[in-house]
Amino acid sequence: MAFPEPRPQAPELPQKLLKTLDCGQGAVRAVRFNVDGNYCLTCGSDKTLKLWNPLRGTLLRTYSGHGYEVLDAASSIDNSSLCSGGGDKTVVLWDVASGQVVRKFRGHAGKVNTVQFNEEATVILSGSIDSSIRCWDCRSRKPEPVQKLEEARDGISSVKVSDHEILAGSVDGRVRRYDLRMGQLFSDYIGSPITCTCFSRDGQCTLVSSLDSTLRLLDKDTGELLGEYTGHKNQQYKLDCCLNERDTHVISCSENGKVFFWDLVEGALVLALPVGSSVVQSLAYHPTEPCLLTAMGGSIQCWREEKEGGAG
Amino acid sequence: MAALDSDSDEDLVSYGKGLEPLEEGERPKKPIPLQDQTVRDEKGRYKRFHGAFSGGFSAGYFNTVGSKEGWTPSTFVSSRQNRADKSVLGPEDFMDEEDLSEFGIAPKAIVTTDDFASKTKDRLQEKARQLAAAAAPIPGAMLLDDLITPAKLSVGFELLRKMGWKEGQGVGPRVKRRPRRQKPDPGVKIYGCALPPRGSEGSEDEDDDYLPDNVTFAPKDVTPVDFTPKDNVHGLAYKGLDPHQALFGTPGEHLNFLGGGSEGASNLLGNVGLSKGRKLGISGQAFGVGALEEEDDDIYATETLSKYDTVLKDEEPGDGLYGWTAPRQYRNQKEPERDLRYIGKILDGFSLASKPLSSKKLYPPPQLPRDYRPVHYFRPVVPATSENSHLLQVLSESSGKAGQDPGTYSRHQLNASKRGQLLGETPIQGSATSVLEFLSQKDRERIKEMKQVSDLKAAQAKARSLAQNAASSRLQSSTPDLGHCSQHPTLGSWSAATRASNFKPFAKDPEKQRRYEEFLAHMKEGQKDALERCLDPSMTEWERGREREEFARAAQLYVSSHVTLSSRFTHAKEEDDSDQVEVPRDQENDINDKQSAVKMKMFGKLTRDTFEWHPDKLLCKRFNVPDPYPGSTLVGLPRVKRDKYSVFNFLTLPEPTSLPTKPVSSEKGQQQHGSDKSRKLSRWDTSKLERKEDSISEFLSLARSKVGPPKQESSPLVNKEEERTVDKGAASQPEGEGSRPSMDLFKAIFASSSDGKSSSSEEEQDDSENDQEGTEEANFQSSQEVAMVESAVTHTAEPVPCEPAAPFPIQKIQIDEREEFGPRLPPVFCPNTRQKLETPQREKHKKNKEKHKMKKEHRRKREKKKKHKKHKHKSKQKNKKPEKSSSESSDSSDSRSDEEETADLSPRELLRRCTPVVQ
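Note that the protein sequences, when read in sequence, are chains V and W.
For what it's worth, full-length UniProt numbering labels the leading residue of the first sequence as 1, then goes sequentially.
For what it's worth, full-length UniProt numbering labels the leading residue of the second sequence as 1, then goes sequentially.
No lab work stands behind these hints: they were computed from the structure.
A hint or two may mislead.
[Stated by the list, open to error] For lysine-lysine, the following DSS-like pairs were computed, each having C-alpha atoms within a straight-line distance of at most 27 Å:
1. K17(W) / K29(W)
2. K16(V) / K233(V)
3. K160(V) / K601(W)
4. K617(W) / K142(V)
5. K142(V) / K47(V)
6. K160(V) / K89(V)
7. K47(V) / K148(V)
8. K160(V) / K621(W)
9. K617(W) / K104(V)
10. K142(V) / K111(V)
11. K233(V) / K599(W)
12. K233(V) / K601(W)
13. K601(W) / K617(W)
14. K617(W) / K160(V)
15. K621(W) / K104(V)
16. K220(W) / K162(W)
17. K30(W) / K142(V)
Based on the sequences and whatever the hints tell you, model everything.
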């Protein structure tokens, strides 16, 4: 056809503060979008997990039942259940609607840093500082994990799951990718303790942040370095990083109260979004829209692109 | 009566009219005539009496039914439209309110019915309960139990009854001559000296004569044993202030002494508390006598004669011969001192001791001598030989026995060995205090010499330490004499080595253990070629190399560990069945290589390890992924069994991943690994495993493929020939894993090594290199001079001191080149002098390669982006070009900076990086 292709819009970055929610649950350890990005979960240090509508700022439900602070949470694909892990060494499976604990998985020897559902929410993967990843079966009533991945030499800081892969970052400075389909374990040495890992949305790359204040974009298949992103500060804490919804930018928390945006290809710092004065503990990026959630202290912030697009 | 007190009016419910108090001298009023006696209900209406005898109310119009017609039926409700709620009417529906009141015919209030009000209380039970109540924290709390008693008797009771038992009797066959006294009438009060109630033992004789033979009596009832556990911390049978005694002021307390023992005492108590159902708890004189209480006999606690027996009865305390007025001697002889010493209650089953405990005699501790010091010094035992006579003398002087002649030892100054000598025993070997004693005089002298030599050596060794580290980092065999030199345990550990000789690190393989012991023995003798001698000549050169190193390490390792540990642990009683431990087959590669790679940002092959990993079947199912290893039951990383006692499991080997690929796995004896070996051989062909083996070699192969076609200077054929011809006697070198040559090649190598002289590929390569790079020979030689002592194994490592600044990547390329001849080498990461000349061109080459690689990366990246930016492409093409060029330039600058970085590294640093420390 003769029509010219529509000019691609430059990706917009969420830099307009839409809302600040005071969660009222102590320090917010993690903030997570649900699968479609309509809701978010905040993990509080007061042992509660809260479900919000971040755009409207309404608290939908509070889930209490953890014995210690909640460190990470995830929601299932059908939004019917949640899982969370915390300092009480347990992984809890919640029923969203009733707010009841469906199951509690005990077995980790240390606090659970990170939890993830698999794609169908039939397995919960939890990474703990006891340097193991445990795969808990939500279907059966067995109290033991289906499998323990104990290859790491130090605590697991981050676990991500794709349809057939488990990506785990460990404090021993390695990113391990367990490929279930191939039956292989790929271990990439980074050197510095890993704080967060994530897949790119196209599933070809892995983004790894480590305590040397560097984010690295690695080719998933070969482990080669595709890009390096520096400028932020991450030397002590377990901070989150992610890619934006179109894989054009790399986003990371920083210990100096900003959120950094880099261009993925060029590696240039595009934006340092000032959030506050203290450490940005956690962030979550909307799966489809330029919308960012950040957690600092006891509150979360919701950021949208400059010219407010469609309704959330 | 109830309305006497105005105060109590409020509390009490009064029925009827109270009588007016009588005036003095006034006569009681006449009874109210019958016609005046009226009854009204709550509403003040009169109630009609009718009927001559029953005195019941008329249930008619006047009293209850409020109509003349009498009962009115409930209104009819049709069941058609609105269903009448079928209420089942009970009798209560037809009753009056009064009937349901407290005194009606069906009172609603809870009242103890007759069923529950047990009339005949078992006296013994009562007593036991009362005792318990007295001991209970709340006195009288047990009364609650009285309120609720079972309406029915228990089955046991009924059964017993049917068998002829009666309440109050004991259970069991009836006895003949022992009359069971019926329990005294509850109405009879017993005061003071309680009478042992029944069956007094003393009276049996006198009863004998008038008891007919055919009369039997029920056995005596037994007070149930109190099984309440002792849950307090009081002493045995301690009782706090007894509320009974405190409040009731036990009148018989002082008479208690006269009473007949413990039973009497409890009896007394029982009587006081029990008689006439008198209430427990707070009551008594201090509070006045309650209105409902019949007894007020204790008001003044006076003792009158009426409380004492005035009639002689059968049963008397004691043997029944005398009452409480028995003669003093009589009583005393029975219970001497009891009343004076012990007043408390005596537990059932206990009796007071007849004679007091004899107090223990205390003996004072012995007097210490004045110069006694509470410390013991062990005096060293020195046998009196010619050498240490002087020492002995000094010792004996110091211990203050200077003047004593050894012959005049007193008995106490002899020790065991001396006594043995005197007795003509052969001295026990184990008693020797020093290993040195085992050595002959000659040996000792030699040790002295050796010590000096070793000092010298130590100085030398220090100088070489760098190179030596490099040498030991590679598991390679050494030429015999040189290798021994480098691995020689120092003299200091000799004695320890002998001590450790009872420890068998290779106990699994007796042959090997024997060789090891032989080796130790040779070492002790200071033979330089100790290792060579003890090794099995039939072994291949490579195995020898392994074993040599193993022995040397074991000699060092086990000495230190064993000596310290043996003092703390004993052998296990049962030996472990499994002498093998499960070790992950593949381990992550050495970190040092990777750190350097990371520093240079050479992520990818260098930093990646790939393992075979078996997911759980269920996990696959949950992930909707087919099981990658359908046949295997393995979960996780594959594991291999390794010899538990192998030194190599516990050492951090420089390249553990290359171990399993060796043709003969060294950890166990070769025969043990037969199956393992074959398995591994088969695995060589699979590409999967190869990938796992060594990232570096992998990298090399990759790099090589990128560099271009291999040089054809020496074809594999030539190489093979060389292998056969070259005969250096050096240990074989484990092959690198990157790409295995065909099995033929291996066969060619190892089949021809029956004479124990397999050729090392490395050596050949050196050779071939020498051919082509003759110019470098001199350089190489000089470097060899420096590290002459080093084994040939360490060729690649030796030149380190001379060539400190050899950049890391260059060296790799050099290896690259060498790799192209024959079977590849294991990754060796040490810089080599020979690279010096090649450096410039290689560098260029490398740069090209890197650029190439980077481009590739970027292309891949961009491809990825395409997905998202397909629509962008046209417009973006312009942008792309500058971006590309810029990235390239940055890449090249990157690589440059990399080189600079590595060039800055000191040789020491490089060494450290290349060679993990092996002690």
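Going down the list of hints, with the structure as the test:
no.	hint	in the structure
1	K17(W) / K29(W)	14 Å, holds
2	K16(V) / K233(V)	22 Å, holds
3	K160(V) / K601(W)	24 Å, holds
4	K617(W) / K142(V)	15 Å, holds
5	K142(V) / K47(V)	25 Å, holds
6	K160(V) / K89(V)	19 Å, holds
7	K47(V) / K148(V)	26 Å, holds
8	K160(V) / K621(W)	18 Å, holds
9	K617(W) / K104(V)	23 Å, holds
10	K142(V) / K111(V)	21 Å, holds
11	K233(V) / K599(W)	19 Å, holds
12	K233(V) / K601(W)	20 Å, holds
13	K601(W) / K617(W)	37 Å, violated
14	K617(W) / K160(V)	20 Å, holds
15	K621(W) / K104(V)	22 Å, holds
16	K220(W) / K162(W)	19 Å, holds
17	K30(W) / K142(V)	92 Å, violated
The structure shown violates the earlier hints numbered 13 and 17.
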